[in-house]
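Hints given; two lone chains; assemble the complex.
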Amino acid sequence: MDLVYFAVNWEAILSVDFLIQIMAISGIYAVLALGLQVNVGYTGIANFGQAGFAAMGAYVMAVLVTGGPDGDGLLSFWIAMPVAILVTMAFGVLVGTVSLRLRADYFAIATIAAAEAVRIFAQNADSITGGNQPLFGFDSSFESITEGIEDFFESALGWDTPLFTGFVVVIWITLVLGAFVLSRMQRTPWGRVLRAVREDEEAARALGKNTFSYKLQSLAVGSFFGALGGGFLAMYFGVINPNNFEPAITFLAYGVLILGGLASYWGVLVGAFVLYALIESTRYLDIGLSEAQEASLRFMVVGLVLILLMAFRPQGLFGKREEMVIGD
Amino acid sequence: MTDAAPTATPVPAKTNGKGAILEVNGVVQTFGGIRAVNGATFNVERGSITALIGPNGAGKTTCFNVVTGFYRGNRGSVRFDGEEVFREPAHRIARRGMVRTFQITKALARMPVIDNMLLAGADQPGEKLFNNVIRRGASKAREAEIHEEALVLLDQFNLAKLKDAYAGTLSGGQRKLLELARSLMTRPRLLMLDEPMAGINPTLGARLLEHMERLRTEDGVTFLFVEHDMEVVMNHSDRVIVMAEGKVIAEGLPEEIRANQQVIDAYLGGGASEKETARTQR
Chain A
1 MDLVYFAVNW
11 EAILSVDFLI
21 QIMAISGIYA
31 VLALGLQVNV
41 GYTGIANFGQ
51 AGFAAMGAYV
61 MAVLVTGGPD
71 GDGLLSFWIA
81 MPVAILVTMA
91 FGVLVGTVSL
101 RLRADYFAIA
111 TIAAAEAVRI
121 FAQNADSITG
131 GNQPLFGFDS
141 SFESITEGIE
151 DFFESALGWD
161 TPLFTGFVVV
171 IWITLVLGAF
181 VLSRMQRTPW
191 GRVLRAVRED
201 EEAARALGKN
211 TFSYKLQSLA
221 VGSFFGALGG
231 GFLAMYFGVI
241 NPNNFEPAIT
251 FLAYGVLILG
261 GLASYWGVLV
271 GAFVLYALIE
281 STRYLDIGLS
291 EAQEASLRFM
301 VVGLVLILLM
311 AFRPQGLFGK
321 REEMVIGD
Chain B
329 MTDAAPTATP
339 VPAKTNGKGA
349 ILEVNGVVQT
359 FGGIRAVNGA
369 TFNVERGSIT
379 ALIGPNGAGK
389 TTCFNVVTGF
399 YRGNRGSVRF
409 DGEEVFREPA
419 HRIARRGMVR
429 TFQITKALAR
439 MPVIDNMLLA
449 GADQPGEKLF
459 NNVIRRGASK
469 AREAEIHEEA
479 LVLLDQFNLA
489 KLKDAYAGTL
499 SGGQRKLLEL
509 ARSLMTRPRL
519 LMLDEPMAGI
529 NPTLGARLLE
539 HMERLRTEDG
549 VTFLFVEHDM
559 EVVMNHSDRV
569 IVMAEGKVIA
579 EGLPEEIRAN
589 QQVIDAYLGG
599 GASEKETART
609 QR
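Here the protein sequences line up with chains A and B, keeping their order. Under the numbering used here, the first residue of the first sequence is numbered 1, with each subsequent residue one higher. Under the numbering used here, the first residue of the second sequence is numbered 329, with each subsequent residue one higher.
Hints listed in this document are in silico derivations from the structure and should not be mistaken for laboratory results. Please note that a few of the clues may not be correct.
Subject to a maximum C-alpha distance of 30 Å in a straight line, what follows is the list of computed DSBU-like cross-link-like pairs (lysine-lysine) [unchecked claim]:
no., chain 1, residue 1, chain 2, residue 2
1, B, Lys468, B, Lys491
2, B, Lys456, B, Lys491
3, A, Lys320, B, Lys456
4, B, Lys489, B, Lys468
5, B, Lys489, A, Lys320
6, B, Lys456, B, Lys468
7, B, Lys468, A, Lys320
8, A, Lys320, B, Lys575
Distance ranges between label pairs, derived from CB positions [claimed, not checked]:
no., chain 1, residue 1, chain 2, residue 2, range
9, A, Pro82, B, Arg515, 37 to 43 Å
10, B, Ala450, A, Leu14, 28 to 34 Å
11, A, Val325, B, Arg415, 39 to 45 Å
12, B, Pro530, A, Pro247, 51 to 57 Å
13, A, Ala90, B, Arg542, 48 to 54 Å
Far from chain A, by Cβ distances over 12 Å, these chain B residues were calculated [what the hints assert, rightly or not]:
no., residue
14, Val356
15, Phe414
16, Lys434
17, Glu477
18, Gly496
19, Thr545
The structure presented is a predicted model; accordingly, all values stated were derived computationally and were not measured. In this text, a Cβ means the ideal position worked out from N, Cα and C, and glycines have one as well.
Next comes chain B alone, as it looks inside the complex (with noise of 0.2 Å):
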């Protein structure tokens, strides 16, 4: 398989010192007698793409879903942009800023792509049914900015084709470049992808990391991604963390992550650490 990804060098940590967008203390969820995350506790740096990595059952998804929201997590503190969100209702915490996408993609199927896109506007009155009627023009005009913002963005995700078409008729790839699209009209601060590259060509996969790193430097869009290819993980984050059992285990620039002994223990298992070795070095 060719490495498809846009850079061939490792991109410089970026990391520019602003401080932690997202504090996550001491964390637990439990499900039953499982505990699922059992006191994880990792920051993440405002402006920079860290990956979230560990092995399958390490409970990355579980965390985000305690994180954004979708869980109510047992115990424990998250803090995003120094204001405490634990257990807040998901939806108040997706409009604080921090915006979340899914494992498996979650395209709104019987919508027309632009109406996906129009349904994650920000601020739109119109979504008070009265607004409808006591504030009519508000939210027509709100509509039609919305409706602006939505199509340059199609445009750039080259999507813009397939704007009436209805999303259920996408490719995999195509609802992936969506739902990040989609993501983006909410105008977060914090982007959390699971698994953005996961069952997608790597010439889209190409794409979608392009557009991170764009969004960062121009938008200052912090992210924070859970992935499996390590080439990815290696050469687009500034910052690693690494989940196994429940519990973060390490936490770092690329190439500490990628000596660290503990880690290649824990994630690839004792005696998959020499297959791995071959593998940075081919």
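Isolated chain A (complex conformation) (with noise of 0.2 Å):
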């Protein structure tokens, strides 16, 4: 009788390494959500256009500090990087006031071809991006700051830490400050406007809110946390290119955002990270199938994941369950 092959390799599953792995790559795809969150969760406009985001914040600060593809260096990352989030929020006011007045649907295509524009932009202006040749030689200063985390573990614990630690307890401080900012926003009268326009637009105007400027200020906040998940993604790679801004990016997004549940910022931080364990530990899942056919199975794990959880528990990991049966 034939035994179907079927092995899981715990040991790779349960090391620190591969924990370290996941949480850098959720860590940057949970920047990137928690602004979302922002638009989506609690203001109700679909901007799909998060990957657009990213690569305006990652590219600015690239440009700023290398100078271009064959500069010696312009601006300090200190500088360049706030630069490049003032810039990328301006962006996303801009891609608002032209763009928020079309109806919902409109709107996410409206923001996925901005984000498709900037993509594009990038991948052809060569004498400022490099074009498709990678852009490096930017992350020295950043550099600097995770080794000196790495260094410290290595000095007072003795651990000899594994690639992208230090990468890991910065991004996930932001995360931890970000998501504590956003709540607190949340809950003042500000945050209370915004719920009200995701609810009902007009009748926000009808109590004297000018629900235009909500958006546009929701929206602002969202390209925030877009351009330093943008920043967070080029440090992680060290170089970038256009091909790391793909729409996929703001569809994986959609998914922490899914499964973490709407209207919850906590939730961000914690669907993040069990997506990404899940499409990182199939890899891990042998089941005696070619390396093609695995890393498509892996998808088909996260889909069917997300399939079962609408079925069984729409309102994602910390959403309310409330909020999803209520209608209108």
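Written out as structure tokens, the structure is:
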């Protein structure tokens, strides 16, 4: 009798190296999804351009630091990153100004288009961005911090840290801070107006709220996290090229949102971790398939989990069931 | 069906001659080739309860939408308290004190009742994001005031025990009450109610009318409401404005409107006038 070959490499899955790896990638998606949560979960606007905001943030930062593909250094990272964030927020407001008057689904399409425009611009503006050639040499300031953290772990705890440990510390501190500040913002009267816009824009207008302005503010906050996530993505790879910012990035961030639950910032953090733990651990599921087959299988598993989640826990891990059930 | 209105006798007209709070002049709103509102002109007296009636498709709701800034009318003039507000954005008109409700209630379903109320509180500095940092004290203090006002209103409208329930779980009538209470949080001077009695039971309807009368007497709120229930219109309004085919065809005291042949023809269609006469005499 034949035995079906099925084995899980538990040792690899439960290793610290693997944990750090998941936390690094899921951290990036969590930053992007935190911004989406402000837009989608709390304001009810379907921002599908998060990958574009990430590209904007990453490229503006990288170009300002390096001075372009042939440049020899322009600005310090500590100036370039805030500038990149501000530029991206301004871009977010611009996109919002021209397209927020569209109905929800058309707005979503317009934001995908805007994001693709950024990516394709980066692909073609060779002299500024290096085009399809990876742009590098912008991460020394950031690395000095992550290496400092790793050195500290090594000297204080005698722990031979795996790759990306410093990165993981920085990004998860950022995430916890971000989720904390956003949760606080949500409890202010400002956050209440955002939720009112999500529930019924006309009712909010009838009560004297300038809903258009609030939607722009929401987009500005969303693109702030987009740019920040783009910066982290750039630091993670150490180089950037336009392929890092395909629309799939946005869709996976939506996956995080659905898994974690709408209208919960802490859910984003957990959702991102769970989603990437799933995607990455299926790598260690050895069922005798070729590598290419397994790669496809990984996303099938993720898809199946999302479907099961929708069926049995539509509010996600941290969403409120009451809020899912109540219609208008 | 029993007549559940609180007063069986008609309320005497209380128009106190302090002039018009709302002057609508020659307002036109077209959609493609259709003129939904075709030169509507009317005044609403300060401190009055004025009914806006007319057959379906007369342009009442469209007129509401133009007056409150939800539609950008093509032509005309809308003066609120002496100031031109035609084509001003809806939120700015609301802040001036002309606040409307909707034909289909707009409860903010996935927000608790109390948040629905707090949202409408006027002059909350905390609605500007940075004021929650730099003017934290002022924002918190105002929040406490608003909270108190909200509880008083919820109590008056018998919604106090539902304050933590999601607004989406309320019944249709409760939503109407919530919407009225919520609009009062904005401290309106003119409340425009689009079919406040539609879809609610007579007991709640009667309570809604009591509230309107009380608010008018105690707080001097002016009411303009669209209504199809003739009993309510005739018994509870000081003045009646009649629209048909996008125009105002009559304006006056309820008794005058009741006797106006032009209104009866337009509103009920020629043949129906007998039926209406029979109904009002019942």
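Task: lysine 434(B) and chain A, when compared Cβ to Cβ, separated by more than 12 Å - done: Given a closest Cβ separation of 4 Å, the condition is violated.
- [ ] Quickly compare the C-alpha distance for lysine 456(B) and lysine 468(B) to 30 Å and report which way the hint goes.
- [x] holds (13 Å)
Open item on the list: Would the hint linking lysine 320(A) and lysine 456(B) be met if the CA-CA limit is 30 Å?
Closed with: holds (27 Å)
- [ ] Sort out whether lysine 320(A) lies within 30 Å of lysine 489(B), counting only the CA atoms.
- [x] Distance of about 22 Å is within 30 Å: holds.
Open item on the list: A cut-off of 12 Å on Cβ-Cβ distance, and glycine 496(B) was said to be off the interface with chain A. Does that hold?
Closed with: Violated, since 4 Å does not exceed 12 Å.
Task: Distance restraint hint 48 to 54 Å, applied to the beta-carbon atoms of alanine 90(A) and arginine 542(B) - done: Holds: the Cβ-Cβ distance is about 50 Å, inside 48 to 54 Å.
- [ ] Could you see if the CB distance from alanine 450(B) to leucine 14(A) stays within 28 to 34 Å?
- [x] violated (57 Å)
- [ ] Would you mind confirming whether the straight-line C-alpha gap from lysine 489(B) to lysine 468(B) stays at or under 30 Å?
- [x] holds (24 Å)
Task: Verdict for proline 82(A), arginine 515(B) (Cβ pair) under range 37 to 43 Å - done: Since proline 82(A) and arginine 515(B) have Cβ atoms about 42 Å apart, the given range 37 to 43 Å holds.
Task: Hint check for proline 247(A) and proline 530(B) - Cβ pair distance inside 51 to 57 Å - done: Holds: the Cβ-Cβ distance is about 55 Å, inside 51 to 57 Å.
Open item on the list: Need the status of pair lysine 468(B), lysine 491(B): alpha-carbon distance at most 30 Å?
Closed with: Roughly 20 Å between the alpha carbons, so the hint for lysine 468(B) and lysine 491(B) holds.
Task: chain A versus phenylalanine 414(B) - minimum CB to CB distance exceeding 12 Å, so not interface - done: holds (17 Å)
The structure fails to meet hints 8, 10, 16, 18 from the earlier list, while all remaining hints are met.
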